[in-house]
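Protein chains: 4
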Amino acid sequence: MDNNQILELDKSKTLRPTVEALEEILYKPINVLDHGFIRVIDYMGDDSAIVQAARVSYGKGTKKMSQDKGLINYLMKHAHTTPFEMCEIKLHVKLPIFVARQWVRHRTANINEYSARYSILDKEFYIPSADQISYQSISNKQGRGEVLDHEDSQKILDMLRQDAERCYENYAYMLNIDEETGEVLDESRNGVARELARMNLTLNYYTQWYWKIDLHNLMHFLKLRSHHHAQYEIRVYAEKMLEILKRWVPCVYDAFINYSSGSFNLSKTAIKVIHDRLSGVHISKENSGLSAREWDELKGIFPNL
Amino acid sequence: MDNNQILELDKSKTLRPTVEALEEILYKPINVLDHGFIRVIDYMGDDSAIVQAARVSYGKGTKKMSQDKGLINYLMKHAHTTPFEMCEIKLHVKLPIFVARQWVRHRTANINEYSARYSILDKEFYIPSADQISYQSISNKQGRGEVLDHEDSQKILDMLRQDAERCYENYAYMLNIDEETGEVLDESRNGVARELARMNLTLNYYTQWYWKIDLHNLMHFLKLRSHHHAQYEIRVYAEKMLEILKRWVPCVYDAFINYSSGSFNLSKTAIKVIHDRLSGVHISKENSGLSAREWDELKGIFPNL
Amino acid sequence: MDNNQILELDKSKTLRPTVEALEEILYKPINVLDHGFIRVIDYMGDDSAIVQAARVSYGKGTKKMSQDKGLINYLMKHAHTTPFEMCEIKLHVKLPIFVARQWVRHRTANINEYSARYSILDKEFYIPSADQISYQSISNKQGRGEVLDHEDSQKILDMLRQDAERCYENYAYMLNIDEETGEVLDESRNGVARELARMNLTLNYYTQWYWKIDLHNLMHFLKLRSHHHAQYEIRVYAEKMLEILKRWVPCVYDAFINYSSGSFNLSKTAIKVIHDRLSGVHISKENSGLSAREWDELKGIFPNL
Amino acid sequence: MDNNQILELDKSKTLRPTVEALEEILYKPINVLDHGFIRVIDYMGDDSAIVQAARVSYGKGTKKMSQDKGLINYLMKHAHTTPFEMCEIKLHVKLPIFVARQWVRHRTANINEYSARYSILDKEFYIPSADQISYQSISNKQGRGEVLDHEDSQKILDMLRQDAERCYENYAYMLNIDEETGEVLDESRNGVARELARMNLTLNYYTQWYWKIDLHNLMHFLKLRSHHHAQYEIRVYAEKMLEILKRWVPCVYDAFINYSSGSFNLSKTAIKVIHDRLSGVHISKENSGLSAREWDELKGIFPNL
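If you read the protein sequences in the order shown, they are chains F, R, V and Z. Under the numbering used here, the first residue of the first sequence carries the number 4, and numbering increases by one thereafter. Under the numbering used here, the first residue of the second sequence carries the number 4, and numbering increases by one thereafter. Under the numbering used here, the first residue of the third sequence carries the number 4, and numbering increases by one thereafter. Under the numbering used here, the first residue of the fourth sequence carries the number 4, and numbering increases by one thereafter.
Where hints are given, some of them may not hold.
Copies of the same chain look alike in the list, so a pair counts if it fits in one copy or across any two.
[Unchecked claim] In silico lysine-lysine, DSS-like type, Cα no more than 25 Å apart, as pairs:
#, residue 1, residue 2
1, K249, K226
2, K72, K302
3, K158, K31
4, K249, K271
It is worth saying that the hints were derived from the structure and are not from the lab. Predicted model only: the values in this text are computed from it and were never measured.
Build out the structure end to end from the sequences listed, making use of the hints.
Below you can see the structure in the form of structure tokens.
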């Protein structure tokens, strides 16, 4: 009996909305970075649950909007967010602490994190691949520029690895455990309190948590964190979650790409620039009323401006 | 083929945690008040999902706490609330507007309400049963005292009914619909905007919504709204939800009754009063340090104080 | 000694950021609708508090962005919302209950509402002005169309007034008070519980609350509620609050108008339409890939499309 | 002209409620741990603002409750939390990253954190004092037991210091800066992206943020984090904040100590135990219905049980 047959036996019957494409990957870790993963643990609702909730709101008013997909597009375009809050997903995520620190800034979610006060962290830390070791960007104060050449990047990787290892060695010493096996080292003494020892670990150590969020807030997270300005190490998590989103709620996914993550917000001044240009008025960077940065950004999207 | 057989066919297979006792009542309206109801629409998680989330947090630290029920009690007692946030429930509720106004003060929930800007409200309003028509309480500024005698209460009920009916009559006139059938009355004219006409309805008209909340916040709601100080008309909803809670997460339900809704918070001064009394010191209302109200409340719980 | 001199004496000295233009209107009711008002009760922070908070985040990284206004524009444009959460405002608002029901859907705010369980509501209800009595819009399911002619609107206004008055008459009877003076009517009997009697009032009765919100969430509220799709009766509150915003944080106000309330979000498909059009490609409604509604909306902004 | 005179000149006049005891310490850092601090940056409201908000809710119903302190006690005892949400405080806090990770789990607050993607962290890390280096508690899975003897604790402190220093040395190398002066080291090369280099720092490095929270949520934070089960390194921050609370809202502070932080929640079972004991019934650990842990805890509070 293979693995899939066993899973089949574990299934229960339910009257709740069920999404086959998501059931296929339920509980299965999707690898991210060198030791991280995302696992879907549970979900509530599907595309039709959003339509159902919207129809409670609009009652007979939505009768004519016969197609669900059209209604979902309408809701997304007009930022009618409450129906999207009617779906919920729960993920198990393993991620480096410096990524967790960004992630947790999204407050409208539920989190159960592994506690290093109670338990001992494993010897697992993130080391970037060589092609991710980049210079500080000159133009973007928070971004990466060119990749280092091989020799230089190896030196950086060695530093990261050696420091993480030495810190763990001392962490294990403090806890009085063998750093490989986790066994007690010296039976004659106790370990230092775990809540103290943990401060010796570097920010690339992995932590893990259960993370539960509604669909509206998930999309807000994904819009920000799949953006090319987001740090690579959180963006790769967002990208895997986009694939999960597509499996879970395919109509919402399409609407999200068109109206949210792939959209562009024109400022009042930029509206005027395009309006004038379409009316045949010549607009230059100087007389556009836009800042240099805004002009360049608009030009990036509309090169024939 | 009877109804239950049909439902059986509608079931899907899922790997998600499934609660049979809750599946039994899924989608079925539970009546509340004269026209209201609660229906469970969806749920995520069960008792074991809480244990599972807690074990992510405490890791190896919970190994010894072998019994799930013990762990749930421990979490509830010590207000370790995050594992309870890992379960979620979605209800469809029909309720009078004045009840909805109290309900919505619980902000940590998702709501999709029927919109009377888009759609027309049905002619359904709440009329209390005669035994609920009470005088203003003298002692409790926000409560009810004695029940009115039959003749007086009938007069009140007639007023409520007549005013609600007359208001709907004019609401329907404004909308240009027949108040019984909802058909257009006069084809030669339009109705007044629904968003305007609705203001003529009284606060006992029924509205409805989808309401989604996590288990931790649900229990907070239930603690406040099943309390005997809560208004009767919201308390009856809370009581039905307690029954739902018991079906859904029986271990959590027991812990909730013991450590939360059935518990009593002793102030620092009250701790000293009981401490002294157990040490054989005589404590009187006057020298207790408690306000008269606090003393009476404590005496209500411990008559032999 | 005039009123302004008295107020001057009431002033305290503080090291906190203080905004003179807002102090001028502090505590003074700004009238809205027929009996409503908004009063600023307290505030925390000003334009410079946002800059200060942003500089904590970006540290030396913001050194070059020497102008505060530029930084505020940058934060607004890129939806870096956390610095805007560092300002807070507290308002006292009197508003019809049906408006309050929309308002309270904004959950990220603190509210203390007048309780009709504890206290008696005054005889104050909202009656629209005649030029606000409109037919249901044909095109917009939730909006207003043409204004009724004089005779028809008077009939509606009479209905609203008479129903509100009769409901209050019975409310007062139930409470055993004189509806004009609020004095006890009949000393020989008690009133019905206030929590019951209130259900007989119509949704245009006024309630009031203290409402406290941070600047980021205030702007979200204002964007939605000052929009021309918002119901007139809440929009007039939003418009008064925009004036308050302008007094309080003038740089933020300008950025809000340009990048948020006056902006337009182009979907991915709409970006392509404009891109092609600027490249000289002819785009028609049919081959645009936009829905009819979206095409018309885009055409409304860019008539020369 | 001394410092206080200068500050006096900086003061503005305001009609807002002002708290002199808090103005005295405004902007002044209160030291915590070896390099941390708390500074009050701004505040909104005082004791009377809570009373004022409560009186909006209860209207004439609170007329008789003539004393503000009595009303505040009443609100605190009965968990009427909304009036406490009407006050707000903003703090500037410098704290070790592992403390920040606990702190941020309180989601109902606004945060602007120093960004190590934009800017370079200073060489400042937390080293406990020797009397804080304790063994893992045997009884409490998340706590500290006995303090290590001098020689052993020195060894731990050396490890912590050496690892933090070496990690910073490599952090500075990656960034191409001098670790003491922050000057560029080698003009011929760029530094590695700051968002990458930061992962090499240990969790005891200091970060800082602006943190804004309402009074209700602040007290919830303080109740949990000033508890003796909280980790020492966050508890010392909570203790300083309790002093700030006392200056800011002295009546609320007293009520908080009596009804919240100093209170004890009796479970339903524990109520019965005390009830029986006061009625003269002998109760033993075995027949109490309490778990061993609960019995011991109750016995800790009432030794004569």
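Q) Hint by hint, which ones does this structure get wrong, listed from lowest number up? A) Of the numbered hints given earlier, the structure breaks just one, which is hint 3.
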